[in-house]
Amino acid sequence: MSDAYLLAAPVLFPGGLCAILGGAWLLDARPTEKTLGRASVACWVLAAAAVAALVARAAGGAVPVAAYGDWLAAGGQDFPLGLRADTLSLVMMTLTAALVGIVVVFSRRYMHRDPGFHRFFFLLNLFGAGAMLLFSADSYDLIAVGWELVCTASFLLVAYYQTREAPARGALYMLAVYRLCDVGFFTGIALLHHFHGTLSAGAATAVALCFLLTAMGKSAQFPFSGWLPRAMEGPTPSSAIFYGALSVHAGAYLLLRSRPILDASPWAWAAIVAVGAVTAAQGALVGRTCPDAKTSLAYATMTQLGLIFVEIGLGFDQLALWHIAGHAVLRTGQFLQAPSLLHDHHQRHSAAGGHLSAAGAPFGALLPRAARDWLYGFALDLRGRGLS
Amino acid sequence: MNPVPLAALHAVLTAAVIFAAPRAVRTAAWTAGTLWVGACAVAGLLSGSVLGAALGLAGALIPFLLTKAFGPHAWLPLVLLLNGHPLALLAARLFASLPSEARADARPKVVAVALLAAAAAALLAYAQTRPRRVLLGLIASQSALILAGLTGANAGAVAGALAVWQTAAVAVTMMACVCAGLAARVGPALDRPGYLGLAAAAPRLAVFCLIAAFALGDLPLTMGFPAAELLLRGLLEDGLAGLALPVIAALNAFVALRMTARLFWGRASDETRDMPDALPRERWTLSAGLLFLLFGGLLPSALLP
Chain A
1268 MSDAYLLAAP
1278 VLFPGGLCAI
1288 LGGAWLLDAR
1298 PTEKTLGRAS
1308 VACWVLAAAA
1318 VAALVARAAG
1328 GAVPVAAYGD
1338 WLAAGGQDFP
1348 LGLRADTLSL
1358 VMMTLTAALV
1368 GIVVVFSRRY
1378 MHRDPGFHRF
1388 FFLLNLFGAG
1398 AMLLFSADSY
1408 DLIAVGWELV
1418 CTASFLLVAY
1428 YQTREAPARG
1438 ALYMLAVYRL
1448 CDVGFFTGIA
1458 LLHHFHGTLS
1468 AGAATAVALC
1478 FLLTAMGKSA
1488 QFPFSGWLPR
1498 AMEGPTPSSA
1508 IFYGALSVHA
1518 GAYLLLRSRP
1528 ILDASPWAWA
1538 AIVAVGAVTA
1548 AQGALVGRTC
1558 PDAKTSLAYA
1568 TMTQLGLIFV
1578 EIGLGFDQLA
1588 LWHIAGHAVL
1598 RTGQFLQAPS
1608 LLHDHHQRHS
1618 AAGGHLSAAG
1628 APFGALLPRA
1638 ARDWLYGFAL
1648 DLRGRGLS
Chain B
20 MNPVPLAALH
30 AVLTAAVIFA
40 APRAVRTAAW
50 TAGTLWVGAC
60 AVAGLLSGSV
70 LGAALGLAGA
80 LIPFLLTKAF
90 GPHAWLPLVL
100 LLNGHPLALL
110 AARLFASLPS
120 EARADARPKV
130 VAVALLAAAA
140 AALLAYAQTR
150 PRRVLLGLIA
160 SQSALILAGL
170 TGANAGAVAG
180 ALAVWQTAAV
190 AVTMMACVCA
200 GLAARVGPAL
210 DRPGYLGLAA
220 AAPRLAVFCL
230 IAAFALGDLP
240 LTMGFPAAEL
250 LLRGLLEDGL
260 AGLALPVIAA
270 LNAFVALRMT
280 ARLFWGRASD
290 ETRDMPDALP
300 RERWTLSAGL
310 LFLLFGGLLP
320 SALLP
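Top line first, the protein sequences correspond to chains A and B. The working numbering applies: residue 1268 is where the first sequence begins, and numbers increase by one. The working numbering applies: residue 20 is where the second sequence begins, and numbers increase by one.
One or more hints might be untrue.
[As the list claims (entries may be wrong)] Per the computed footprint, the stretches of chain A lying under chain B, defined by three or more beta-carbons under 8 Å from a beta-carbon of chain B, are:
no., region
1, 1403-1417
2, 1450-1463
[Unchecked claim] What follows is a set of in silico ranges between Cβ atoms, one per label pair, in the way DEER data are often shown:
no., chain 1, residue 1, chain 2, residue 2, range
3, A, Phe1645, B, Leu259, 39 to 45 Å
4, B, Ser288, A, Trp1536, 52 to 58 Å
5, B, Arg292, A, Asp1381, 19 to 25 Å
6, A, Phe1373, B, Asp293, 35 to 41 Å
Simulated from the structure, these hints should not be mistaken for laboratory data. Just so you know, even glycine gets a beta-carbon here, dropped at the ideal spot from N, CA and C.
Please take these sequences and the hints and turn them into a complete structure.
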């Protein structure tokens, strides 16, 4: 099979299933839960097989690339469609295929008999198609398409339990942050078109800072991190795949993909390191004040994302990529386990003979009591003001 | 005429309209606000600034429309009339009839003023809570974007403007139809602040409204995305003023989606719980609009000039 088919398959399988579900909705048809679940699993098995074939091709030394002509050609403007699978893309595509597949299998039972079962699977597949497009796109224009699909699916899944007001408010807050930060993405892309790809140092800095703004929004970096805890109102499987695994790492991916632009701008490096360090400290502090499992996990995610930004800013791209992969897998597992966390903890507690200590307690004890109290109050205040 | 004072006058008049119109809308001082923007229009006419006069008149018109014509009754025909964006076409036609040198001199200013007007209208829509007023702000914003593109110097901007025109006309009409249908079902409750929870009773209407809002917000898979992309690239060929477009698009997207969320999310009240979902006639009409927006988003070359 040619590279063009293999590269398109991971996008087209889940995207095609969404199209079929949308058509069925228009015609008032409704597949059973079992049919939809099986079709989703089949889609992701096929997508994973295509990604595995791409990995095998890339292991041979050639980067699979495909061009599909112009998606849009009007008024002297064109919009070429192209996909590629270099190392960075392949790592993210492999993660996407594996983790979305796991979450699809998990959700068949977790969402069983939920009134929004079909809506959930439609949005999950839409997200999967968008993520695959985002990670395999050959141009910033196409990355933007995948980016916005991921954003759209996130928005609708946070508001999944739409009869309650808290998820609706959380989704609108997240949408506001996303749209604000996406202004940076579209401005950066527009600047790249305006300068026709030949950037001076000043222009490179402007584009890099635009992309940094975008990445900060998507990866919940300070001061745009307030949406992440609010996004935990969505169903647990979607929290796992969006805010533990893939969606939040898209910002870091964008920065890694933009390495040539970042290299031309030392200011951008400094800004990335500063943003990452502040976010890591904020996440570590505020996370200790959270009473529930999912919100604690959200802040733990924020901390790791801050560290990943620091690694990218310092130029450790390989380390950052491994960090993303490891963190995504670990966090997906933790989120999926969150509903039974207390039960598991009690079991472990009993198995250890009642001697489990709180995580990080020995490090906390190194600080004087007054400093610990002040830091706790400061973190509570940050959370209370909605700054994080 | 010296272009510098003219540009300054335009800026002052535009700022006056931007600040006066929302104030007139938001506060009870309708008369004062309308008089203020009306005075801007007269000042524009007296100073010979056609553009200033037009903006002033538009500013005076908005409070009138919001209070009178966009009242609770019979507003759908007016939406359909305004949604054809005839004023944008008229302004672009007038602009095209200018001598070529004057047109070239005025073009950056016209584009900048149109983008400012689009941003102002989007802010106006943001300040509203009633659906019909939000829709009016969105129509005005899209109309100003169309004007910015139609007066552009290159084919890309004009093609983008025509694409935005098609998208906005279909998407706003769909949203207006949904709102009119809901108004017929729930009456004045539609204007109630907060979340109305209508998706519980009308999930199909919710999806139609959501897809139209996505198109107005220039999100992918709808025709709004290629339209905005074309317009942005076209405007940037004429100068960096086009960089305002992503900000305006973001604001429009937020406003349109917030309106949809307020209508359809949240807990339904007892009086709205038993209302009917999309009736067959509504359903097939809205389905046609939805398919147009999605088809234009997937295969834009088939629909765009």
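Here is what the structure says about each hint:
| no. | hint | in the structure |
| --- | --- | --- |
| 1 | 1403-1417 | holds (count 5) |
| 2 | 1450-1463 | holds (count 7) |
| 3 | Phe1645(A) with Leu259(B): 39 to 45 Å | 42 Å, holds |
| 4 | Ser288(B) with Trp1536(A): 52 to 58 Å | 54 Å, holds |
| 5 | Arg292(B) with Asp1381(A): 19 to 25 Å | 20 Å, holds |
| 6 | Phe1373(A) with Asp293(B): 35 to 41 Å | 36 Å, holds |
Hint check: no violations occur; every hint is consistent with the structure.
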